[in-house]
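Participant: Residues per chain are reported as follows:
There are 2 protein chains.
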Amino acid sequence: MEFAEVVRRRRMVRDYDPDRPVPPDVRERLLQHAIRAPSAGFSQGWAFLVLETPEERDRFWTATAPSPTHPGGAPDGWLTRMRRAPLLVVPMSHKADYLERYAEADKGWTDRDESRWPVPYWDVDTGMASLLMLLTAVDEGLAACFFGVPPERLAGFRAAFGVPDGYTPVGCVSVGYAGTEDKRSPSLRRGRRGVGEVVHRGHWEAGIGG
Amino acid sequence: MEFAEVVRRRRMVRDYDPDRPVPPDVRERLLQHAIRAPSAGFSQGWAFLVLETPEERDRFWTATAPSPTHPGGAPDGWLTRMRRAPLLVVPMSHKADYLERYAEADKGWTDRDESRWPVPYWDVDTGMASLLMLLTAVDEGLAACFFGVPPERLAGFRAAFGVPDGYTPVGCVSVGYAGTEDKRSPSLRRGRRGVGEVVHRGHWEAGIGG
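As given, the protein sequences belong to chains A and B, one line each in that order. So the mapping is simple: the numbering used here equals the position in the first sequence, first residue as 1, plus 556. So the mapping is simple: the numbering used here equals the position in the second sequence, first residue as 1, plus 556.
For reference, chain A alone in the conformation it holds in the complex:
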C-alpha cells in the first residue's frame, strides 16, 4: 500500500475476528519492520515478546488485566473484545543497553549519568518500533491497537514470562483482523488538534495558526 494511505488509515482497533489468525509471514514482517526503528547510537536496547497460543495470551491477560480505571472504557467489554486478538507483541525497552552504548569510547559518557539524556530514548525508540508494527498491520490489511501495561501489573507480567527486571514494556501491540464489534474510542470526541493549533513557525508566538 502507498505510504500516505497507510498513515491515513491507521487507527486503533479494539475488536478482532477470533477465527482468523495472523498469517505467519505477516507476523514476521511486523517484527522485521520493528527492528528497523531508529535508535540513539544504534543502541537497539529493545526486546519483543510474541504471544500467540491461547495459553500464552491468557497468561498475558491474567497477569496484566487492567484495573477499572484503565483507559479504554469499561474493562469488561474492552477486555472481552481485546482478548480476541490472535497475536500480542510486547515491545520492551532496555535502558542499560543505552547507558552502556554511550559509555563507549566514541560517546564517552562513562559515568552512565541518566541526566545527560534529554528524554528517555530507550522508551522513545521502542515506541517508534511499536508504531512501525501498527503501520505494518495496516499495510497488510490487518488491524492493531497499542495500549499500556499498568505499572502495578509490571511485576506480575515479568514473573509470568520470565522477563528480567531491566526490561520495561512500553505497551502491548494487539494484532488481528478487525472484528465487527469495534467501538471508536470516546477519546476521539476530543477531535484532532490541527496543524494550525500545534505548529509554530519561526518563533513560538509568531507561529500560532501560521
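To be clear, the hints were calculated from the coordinates, so they are not data collected in a lab. Please note that the accuracy of each hint is not assured.
For chains that are exact copies, the list does not tell them apart, and a pair is met inside one copy or across any two.
[Said to hold, decoys possible] Calculated lysine-lysine pairs in the DSSO-like style (CA-CA distance at most 30 Å, straight line):
| hint | residue 1 | residue 2 |
| --- | --- | --- |
| 1 | 663 | 739 |
| 2 | 651 | 739 |
| 3 | 651 | 663 |
With the hints as your guide, set chain B onto chain A.
Facilitator: Positioned in the frame of chain A, the structure of chain B alone reads:
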C-alpha cells in the same frame, strides 16, 4: 512509494544540499503526517517548531550547538554538514496535556500522579510523530535526521524561541535533499540486532533465536 519500501530506505542522513529548499507542499505533508501519530487518550500533548529561514536556523544552531561529547562524531564536521539542512522541525512534548487529559472523568486520575504512567507517553507519542516525519521525508524523495537537543542547552533553546517551560524537545528533525558528503554513522558498525536476537516467543527463555 510503497510503505515497505519507505521503511527499508529510511536512514539518518547528516548532509544536505544547501541550494535545494524543501518544497512547501512537502513541508506541510510532514506536519500533516506528524499530527496523525497515536497518542494516549488522544491527548496530543505536542507542539512543533518549524525553522526555515537562515536566521531562524542559525538561532537554533547557536542555541543548541552540541558539546564536544555530542553523539554524531566530531562536532565541527557534523555541525558544518547538518547546518546545510534547509528545514528543521523541533517536536516537543507537553506532559501537562496528558496529566490533564487523564484527570478527566472518563479516566479519573485526578491526582495527576505521574507514577500511574508506565512510560512517559508524552515523549513516546511525540517520538512517534517524529518517526512519521522521517518516513514522510523518504516517501517524498528527501532525506532527514533525528538528533537530540542536549539538556544543558534546553534553557537556551527555549529562550531563543520563546518556548514555554512545559514544552520539551524530544529531538530535532532536519530535512532536505541529501548532500554529497553524508557519512555513515560509526554506530552502524555495531550491526543490526536481528529478529533472532531480540524476539522472544511465548516466554523469555524459550524464545531466544526462535
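Participant: When no copy is specified for residue 651 and residue 739, does a C-alpha distance of 30 Å or less occur within a copy, between copies, both, or neither?
Facilitator: Result: close only across copies, 27 Å inter versus 35 Å intra.
Participant: Can you give me the call for residue 651 and residue 663, within, between, both or neither, at a CA distance of at most 30 Å?
Facilitator: both (16 Å within a copy, 29 Å between copies)
Participant: Pop the pair residue 663 and residue 739 into one bin, within, between, both or neither, using alpha-carbon distances up to 30 Å.
Facilitator: between (47 Å within a copy, 17 Å between copies)
Going through the hint list in order, the structure satisfies each hint without exception.
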